[in-house]
Each structure stands twice: as C-alpha cells, then as structure tokens.
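J.: Knowing the structure of chain A, use the given hints to seat chain W on it.
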Amino acid sequence: MFKRLHENGAKKVRIFVDGAPTEVPAGETVAAALLAGDDVHCRTSSVSGEKRAPHCLIGVCFECLVEVDGQPNRQACMTRVADGMKVRRQQGAGGGAA
Amino acid sequence: MSGTREPDCDLAVIGGGPAGLAAAAAAAAQGLSTVLIDEQPVPGGQIYRNIEGISGGRPDLARILGDDYGYGAGLAQAFRASGATHMAETAVWELDGAGGLGVIGPEGARLMRARRVIVAVGAMERPAPRPGWTLPGVMALGACQTLLKQAGQVPDVPTVIVGSGPLVFLVAKQLVEAGAPPRAILETTPRSNMGRAVGALPGALGSLGDILKGLRWIGQIKRAGVVIEKGVEGVRFTGDGALARVEYRIGGAEKSRDAALALVHEGVVPNYQLAEAAGCQVVWDEVQLCWRTRADAWGATSQDAIAVAGDCVGIGGALAAEAAGRLAGLDAAHRLGRIDAAKRDSLAAEAHRTIARLAGVRRFLDLLYRPAEEVLAPPDDDTLLCRCEEVTAGEIRRVAGLGCPGPNQAKAFTRAGMGPCQGRMCGLAVSTVLARARGVPVAEVGHYRVRPPLKPVTVDQLADMAGIEAEVAALGGLPTGSDGDAEPALETEGGGTR
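Protein sequences appear in the order of chains A and W.
This note's numbering puts the first residue of the first sequence at 1, with every later residue one more than the last.
This note's numbering puts the first residue of the second sequence at 1, with every later residue one more than the last.
I should point out that these hints are in silico values taken from the structure, not numbers from a laboratory.
Worth double-checking, as some hints may not be accurate.
[Stated by the list, open to error] Quick list of simulated restraints, FRET-style, between CB atoms:
# : chain 1 : residue 1 : chain 2 : residue 2 : range
1 : W       : Glu373    : A       : Glu50     : 52 to 60 Å
2 : A       : Lys12     : W       : Gly241    : 27 to 35 Å
3 : W       : Thr85     : A       : Ala82     : 24 to 32 Å
[To be verified] One-sided and incomplete, this derived list gives chain A residues near chain W with beta-carbon spacing under 10 Å:
# : residue
4 : Leu5
5 : Thr29
6 : Ala32
7 : Arg52
8 : Cys61
9 : Lys86
Note that the structure is predicted; figures quoted are calculated from it, not measured.
C-beta: ideal position from N, C-alpha, C; glycine also.
Excised from the complex, chain A in its bound form (with noise of 0.2 Å):
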C-alpha cells in the first residue's frame, strides 16, 4: 500500500511475517514494513473477526496488535523490526491462538 522513496544505502534486516522472509530497511517499525506490502492486514477484531490494520502510528489507537517472537499484544508501530525477527498476524484476541 505505502512504497519507499528510496532504499540505497539502508541496512536491511530479515523478518518474517507469517512465515515469509521480507528484506526491510533496519530501524524500520513492525507497522511500517507491514504498510510497505500488498496485505496490510495485522489482525482479526476480537469481536466481530474481521480485518484490521495499522491506523494511528503513534501508539494510541491499540490496531496494530501483532505477535512478535511469540509475544501476543504487541504495537506494531511501536516495535522495531530486528534480524530474524517473527511477526505473526494476530486471531482474535491473541495468545495462542496463532
């Protein structure tokens, strides 16, 4: 959905996001590397099931929620991207159900 201007010159790191290897600039957050793809989906609502993705970007609005490295809950506009890093989009309410 979101394209970078420009990338000669950053160091990439590898993540994986729900499984598959993508190449981001390191320094990047969670939410922006997802919002750089063609999916920006990051979770399913607790309630209702359906998709949601990223919307503020300044850590109030609590859409962005991913599993990262396991951990349930976490904002992905507020976590930065490392090397080997696995992201999962959450079901639901999370913890354990991915």
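T.: Positioned in the frame of chain A, the structure of chain W alone reads:
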C-alpha cells in the same frame, strides 16, 4: 507509591516533542537535574519525528517535509546540549500527583520519583467515527505523515484525503512534492464555518504569513491535478475486507470515489489522560471541543508536583508548545529554588509574547475548522464508536435512553472503552453522543476515568522490578484493573485483549 521514595531527579519531563524538549532544556540550563522520558528512540515528538535522521542524512525528505519541520533540528540540538538525561523508548504507565512514576523501557519496568513532573505528551488526531472506518485502508492522515518522516514511505495505491484542517493541505502538498499526490481531497469543513471565522480574522493578521503560505499550498496542490471537493458530508467507507470506495454527499447529491487508501483527519485533540490519571483537574473546552488539563500560564495544575505544557493542555501548535515548554521549565527551576521569580519572569518574557501572538491565529483556525456535528456525534446508529469492542453509536444512544448518565456507566453497560486503547479512540464521541441524547452539555456528561497501567506492561515485567513487592501491593489490583471498570493490562498471563 512515591511517598517513601527519595527523588531520582529534580524534574521529569514526559514527552519529546517541542514542549518537552524546550522544557527540559530550559530547566537543565538553570541547574535542575532533568530527565526526559519519551517513547520514541530520538527527540522530536510527532511534529518533528526523526528530525535528526532526516536533517542529517535524507536531504530528499528534508526538502519534501519543508522548513517548518526542519526548524525542529535546532530544538533537538539544544536539548542534546542541555545536559538533560534522555530516557528513550520509555513509556510511562503510571503517574501520581506527588511525582511518582512507573516507567517501562529497554531495561524493563521501574518506579522512579521526581520532585516535579512536566507532562508534555502532545495531541492525537481526533477520531472521526464513520461507517466503515475500521476497514484496512482507512488510516489517520497523520499516520501517513509519520510513515513519510520515519520510513520515507508514501502511498502507492489510489488515495483520497478525507477531512478538515491545516494538516490536510500540508500533507497533500508533501505528497505532491514526493511524487505521490492523492487523487482527491474531500474537504469536510462545514460551509457555515467561514462566516464565524471571519470575525476572528483581524486577530490572526499577526500570522498573515502562515495564512498566505496555506493558500500557496492549495494552489500547488491544485496545479498537481488533485481534485479538491468542498462541503463533503455523510462519508462512508465500503469494501470487502479492505477499502474499495468512499461514498459521500455534496449539497444533497450522492457521490463516490474508488480508493484503496483513505487518509482521514478532523483536527487534533489533547492527550489529557496522563495528567488526569495523576489527579489533575480536567475541563471541557467548548471552542476546541475536547478535554484539556486546567493549568495556569506557567502550566501549573491542580496537583502541586505536576505541570503540563504544549498541545496536551489545549491545541496551540508546535511553536506555542515550544514556548509553553520553556515557561514550564523555567517555573520548575523557580519552584525548586534555582531562580527567583524576577529572573524567571525576565527569562520568560519572549515565550509569553510568542504565546500571545499565536493565540490570534489559533482562534481563527479553531472557528474555521470546527468539526461538523456529524463527526462529533455520528448520526448513523450502525457506526462503530468503540473500535476495540465494536460498540455502535446506536448502542450508546440506547443506554442513554435507559438512563445511563455518563461514559463510565456506558462502559459498564456496553464495554465501550474497555478494550486495549482504554477509550482513547471512542471517548470524545461516546461523551458527545451521550450529551446529545440527554440534551445536556458534554461537560456535564464527563469523560472516561483512566487507570494505570496507562501503557502495556506485563505481569513478568512488573515482577522483575527490583524491590518492588511492597509497592506493587500499594498500587492495588494492578494488572487486571479493580472494579470491573477497565482491563488495561494487555499482556497479562492470559494474553487476551478482551
């Protein structure tokens, strides 16, 4: 929790935007041991986010973001040189009225105490509940700008901007300069606003340059081929699992536009919750239509040890926030015995003048960009107000009809405000819908009470705090909330968000 604890520092400043940076630098310059606590890795807040990285290494982005953004580099530099300690990537999950803080950062959770605290946590975009606003592809306009500042990213799908306020035109201009213009701006500013704002125009002439700059942006945006539609009402977002179309009305005529990304904005509102949690008195602002902390000209609140500065007290913009931060920092130095009142006043004179000058244009902007009634109190019963628990405007009206007087009671009935955002996204709309349903002012309906932890902190992280047992007990029922009123701890052992 703080009563028995020796102070760790003279002054803790919470927030690394213009108010916090100026407050910390001003206080440290007068010899206060000063700690600035901020959630971001680098100074700047939202307005000057990543300013050091961009002014130092991304001339392409510096050009797109412009001189008003570049101005923040000096603020960051002055803060770095001030001798204040920077606690980066650190969130405050508890604040009490005596200067006790619970923080969580790279080294885990800890408690600390400051002799004085300046809360400078800025603003958030006003949530604008509309049908379909939870669809992936509907984002806050500020989020788009955050991506530009922090990740150098711009939209690469058909995009429309939906909303009202100066940020609409600033971001549109920046996207034009980045080669990624939106297809259209659907401007939701009520047409009737201009009549009211004109009366405030003479007072805004001190900022005539800024007004003319805004008009130049609009010209630049139009020349880039962006369609600007005015008087947009009744906005709905539709699509199957992702945004596909924005539907709206202009003057009663139904219209629509295909879009994969809609960037929404209805102005900004103060982050009042942290000061409120510390016991500071909060009041309803009938002009800006939001809650703000009651404070004097120095930012002093109803709590002796707590001051507030910047947009978290009432929206004034970055330059006013910087000036207010300086005032709060100087007042801290005075109250803690470093300077006498005469010296404080002489050092503060220019900041007072800046605030007075900017108040004129702010009044004009407040009237010109007053949100539409349908944004404040969504008329469609099916519109979700609470995104977390999926509670609709109709449900809030229903419990109002049952006699529910305010948001804290509505929360108990409907779960609105009980999810992970703790009511930050639905609070204003829930209070306003209740007020309209009851036919009383919003001030009478009140606001959600917020409870610690104000930011996610796990049971394990609390347990790992050194020497913490007695103090955790004193906080009372911490990770799961107390009386069924809230369930704020996100990462409890159960792991659920509900």
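J.: If a hint holds in the structure, say so; if it doesn't, say that too.
T.: Here is how each hint holds up against the structure:
At roughly 28 Å, the beta-carbon separation of W/Glu373 and A/Glu50 lies outside the given 52 to 60 Å, and the hint is violated. One distance hint, 27 to 35 Å for the beta-carbon pair A/Lys12 and W/Gly241, holds here, with the actual separation near 30 Å. For the pair W/Thr85 and A/Ala82, the supplied restraint of 24 to 32 Å holds, since their beta-carbon distance comes to about 25 Å. Residue-level restraint check for A/Leu5 holds (minimum Cβ-Cβ distance to chain W is 5 Å; threshold 10 Å).
Interface restraint check: A/Thr29 against chain W, minimum CB-CB distance 7 Å, threshold 10 Å, status holds. Because the beta carbon of A/Ala32 sits about 4 Å from the nearest beta carbon in chain W, less than 10 Å, this interface hint is met. Look at A/Arg52: its Cβ gets to within about 6 Å of chain W, closer than 10 Å, so that hint holds up. The criterion of a C-beta within 10 Å of any C-beta in chain W is met by A/Cys61, whose closest approach is roughly 5 Å, and the hint holds.
For A/Lys86, the interface hint is violated, since its Cβ never comes within 10 Å of a Cβ in chain W; the closest pair sits about 16 Å apart.
The structure does not agree with the numbered hints 1 and 9 stated previously, though it agrees with the rest.
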